[in-house]
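Protein chains: 2
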Amino acid sequence: MTPPTSAAPTAPSVPQLLDRCRDVVRPALTEAVGRLHPWLGEMAAYSFGWCEVGGAPVVASGGKGVRQALAVLGAEAAGAPGRSGVAAAVAVELVHTFSLLHDDIMDGDPTRRRRATVWKVYGTGPAVLAGDALFALAVETLVQAPGGPAGVRLLSAALADVVSGQADDLLFATRPWTGPERVRPEEYRTMAERKTGALLGCALSLGAALGGAPPATVAALERVGRHAGTAFQMVDDVLGIWGDPAVTGKPVHGDLRERKKTYPVLAALDAPVPAARRLAALLESAGAPDEASTRRAAALVEEAGGRTAALAEARRHLAAVERGLDAVPLAGPGGGELRALLGFLVRRDL
Amino acid sequence: MTPPTSAAPTAPSVPQLLDRCRDVVRPALTEAVGRLHPWLGEMAAYSFGWCEVGGAPVVASGGKGVRQALAVLGAEAAGAPGRSGVAAAVAVELVHTFSLLHDDIMDGDPTRRRRATVWKVYGTGPAVLAGDALFALAVETLVQAPGGPAGVRLLSAALADVVSGQADDLLFATRPWTGPERVRPEEYRTMAERKTGALLGCALSLGAALGGAPPATVAALERVGRHAGTAFQMVDDVLGIWGDPAVTGKPVHGDLRERKKTYPVLAALDAPVPAARRLAALLESAGAPDEASTRRAAALVEEAGGRTAALAEARRHLAAVERGLDAVPLAGPGGGELRALLGFLVRRDL
Numbered sequence: 007m008t009p010p011t012s013a014a015p016t017a018p019s020v021p022q023l024l025d026r027c028r029d030v031v032r033p034a035l036t037e038a039v040g041r042l043h044p045w046l047g048e049m050a051a052y053s054f055g056w057c058e059v060g061g062a063p064v065v066a067s068g069g070k071g072v073r074q075a076l077a078v079l080g081a082e083a084a085g086a087p088g089r090s091g092v093a094a095a096v097a098v099e100l101v102h103t104f105s106l107l108h109d110d111i112m113d114g115d116p117t118r119r120r121r122a123t124v125w126k127v128y129g130t131g132p133a134v135l136a137g138d139a140l141f142a143l144a145v146e147t148l149v150q151a152p153g154g155p156a157g158v159r160l161l162s163a164a165l166a167d168v169v170s171g172q173a174d175d176l177l178f179a180t181r182p183w184t185g186p187e188r189v190r191p192e193e194y195r196t197m198a199e200r201k202t203g204a205l206l207g208c209a210l211s212l213g214a215a216l217g218g219a220p221p222a223t224v225a226a227l228e229r230v231g232r233h234a235g236t237a238f239q240m241v242d243d244v245l246g247i248w249g250d251p252a253v254t255g256k257p258v259h260g261d262l263r264e265r266k267k268t269y270p271v272l273a274a275l276d277a278p279v280p281a282a283r284r285l286a287a288l289l290e291s292a293g294a295p296d297e298a299s300t301r302r303a304a305a306l307v308e309e310a311g312g313r314t315a316a317l318a319e320a321r322r323h324l325a326a327v328e329r330g331l332d333a334v335p336l337a338g339p340g341g342g343e344l345r346a347l348l349g350f351l352v353r354r355d356l
Numbered sequence: 007m008t009p010p011t012s013a014a015p016t017a018p019s020v021p022q023l024l025d026r027c028r029d030v031v032r033p034a035l036t037e038a039v040g041r042l043h044p045w046l047g048e049m050a051a052y053s054f055g056w057c058e059v060g061g062a063p064v065v066a067s068g069g070k071g072v073r074q075a076l077a078v079l080g081a082e083a084a085g086a087p088g089r090s091g092v093a094a095a096v097a098v099e100l101v102h103t104f105s106l107l108h109d110d111i112m113d114g115d116p117t118r119r120r121r122a123t124v125w126k127v128y129g130t131g132p133a134v135l136a137g138d139a140l141f142a143l144a145v146e147t148l149v150q151a152p153g154g155p156a157g158v159r160l161l162s163a164a165l166a167d168v169v170s171g172q173a174d175d176l177l178f179a180t181r182p183w184t185g186p187e188r189v190r191p192e193e194y195r196t197m198a199e200r201k202t203g204a205l206l207g208c209a210l211s212l213g214a215a216l217g218g219a220p221p222a223t224v225a226a227l228e229r230v231g232r233h234a235g236t237a238f239q240m241v242d243d244v245l246g247i248w249g250d251p252a253v254t255g256k257p258v259h260g261d262l263r264e265r266k267k268t269y270p271v272l273a274a275l276d277a278p279v280p281a282a283r284r285l286a287a288l289l290e291s292a293g294a295p296d297e298a299s300t301r302r303a304a305a306l307v308e309e310a311g312g313r314t315a316a317l318a319e320a321r322r323h324l325a326a327v328e329r330g331l332d333a334v335p336l337a338g339p340g341g342g343e344l345r346a347l348l349g350f351l352v353r354r355d356l
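Line by line, the protein sequences give chains A and B.
To convert, take the position in the first sequence, counting from 1, and add 6; that gives this note's numbering.
To convert, take the position in the second sequence, counting from 1, and add 6; that gives this note's numbering.
Do not take every clue at face value.
No copy is singled out in the list; a pair is fine if it fits within one copy or between any two copies.
Using 20 Å as the maximum straight-line C-alpha spacing, the simulated SDA-like pairs for lysine to any residue come out as follows [as the list claims (entries may be wrong)]:
hint : residue 1 : residue 2
1    : K70       : K126
2    : K126      : G114
3    : K266      : R302
4    : K266      : G131
5    : K256      : W56
6    : K126      : G311
7    : K256      : A151
8    : K126      : L177
9    : K256      : V279
10   : K266      : A51
11   : K126      : D113
12   : K70       : R121
13   : K256      : D174
14   : K126      : G185
15   : K126      : T180
16   : K70       : A305
17   : K70       : A179
18   : K126      : M112
19   : K256      : W183
20   : K126      : A156
These aren't lab readings, by the way, just hints derived from the structure by calculation.
Next comes chain A alone, as it looks inside the complex (with noise of 0.2 Å):
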């Protein structure tokens, strides 16, 4: 093993940190892409943000690459060069993006990144086929890399909790929200730690292990991945009732409004206090939810104590990201790195 190429004199910014991992990996994604059928190709370039309908170039946002960065980290945390994490970090954007055009059908979800889904342009069909070859691309891309077939064990593993996450997490709309067949915030916490942890921990892991780490690091590290999910997964449901539709581009009260059955609503229908109770009621009245009901229940959702659970939840998470990674040799800058983009995926916009 050979020591980072890239050791950086001061600690860069997590987006400057982001920046240097897209560069390192976006020559073999590009490359990985171009192998798909063209028109399945245009259709991940657009999922991606590298092109508009019809192919033509464009930079619009394909996300932050959360997942090809902590790919890379976890190849030089193990210390080999972050390139040896490259092939982890192709199949783990490549999974994530097959994650998210099939979800986005799931879901009926019109647009996202501020731009119309895949399936609502496309139309469902290709959108179903696009997602699968992005899938394909992703275990074809791993296991012809140098270590590759091993780390397809981690992959699989990650997919299989990916979609027994997303299969919870339909269930979930179908149930009631109260009495015993309702969704308990234990189930929630589950749900996330498979849907949105499993595939944070197999970036981690896979790029330590193509990076050579022993496998009790590689492990340690897809916990570590694992609480980071489902720690970003809680804040990510505090930013869905009370963040500031400036920065969420979602409007305020966004996932109340939509009915959904998140951590801190979860949370606070369990409390024994009466808040949780009349809350209960809101909810189950018939009706589509309006302005004031909506406004209400995000009212007595705080009242109940959800938001505040759901932020000791992230807490307890975030505790846990740091001492599994303070259990685990890391070498170079590459623990430094990884706690800051950890930290930065998490902490956002709280």
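Since chain A is already given, all that's left is putting chain B on it; use the hints.
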């Protein structure tokens, strides 16, 4: 390598052979599906013909299981016990079912094997997710098997071809019948090789690889499976126009009624004969196809040599299957059974 465990003293019939292979594979396939999220597992079991909607056990037609049989026979042809090919068999059956689930969404097909399709029963979103789950499970199952990580290369290459073939198939529907943008018979053949042949080639070669066959044999069997798949599609196309509805379960002239661009039609349109021009004029005429115009189209496809061309193409690929099998060393009875199975696959009902 040990000799096959189940060498029959007399050659069994193909249905007996399929039953034998199904019995070898079934426990592992059941176990794998049992690892899915219960809701996704029910959709998978419904697709396999193991249960009704809601999970009540039933024995419905879940397909002949040709792919799993090819994997088992591939392992036996390598001189290994059929059980060596079970992980390959499970992986290809899971991938096949995944592709059926998603293709039915893309094609809007309401029924398959005389039952409602998964998207029709459970909804589009859940069917997308169930397909994803089967895909992930296929990779996970294979990578955990002895020799599996190397086998993932074969599986992921096949997956890329299956997806790419499906993309071409979808795009063919949007192209004109005549002119420079028309679909050439060669393009259709390439599409069929990818969409249908790649997974058959994968089943056979992956089974052989797990059975310890040398790389040259694995590669040769991969090509054999591709030729068999292409031949199968040609025959399927002929049956899609002239097949006996009592046997195929599909209406007579079905593919022409749906104005599908299949090989007999494309070959007919490409022929330098007057019937080809009359066929083109008929297909390009506006309005919903009626009974009389469909019957006339079928007659013109035949007159322009489309049926003959498709059958000649099928024979050509079947000859390539035979040559391919002759050129590689095949152990025990596997070779004979393999020939019988591939012949059955292609020649059915002709």
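Discussion item. Of all the hints numbered above, which does this structure not satisfy? Sort the numbers upward.
Written reply: Checked against the structure, the hints that fail are numbers 1, 5, 6, 7, 9, 10, 13, 14, 16, 17, 19 and 20, while the rest are satisfied.
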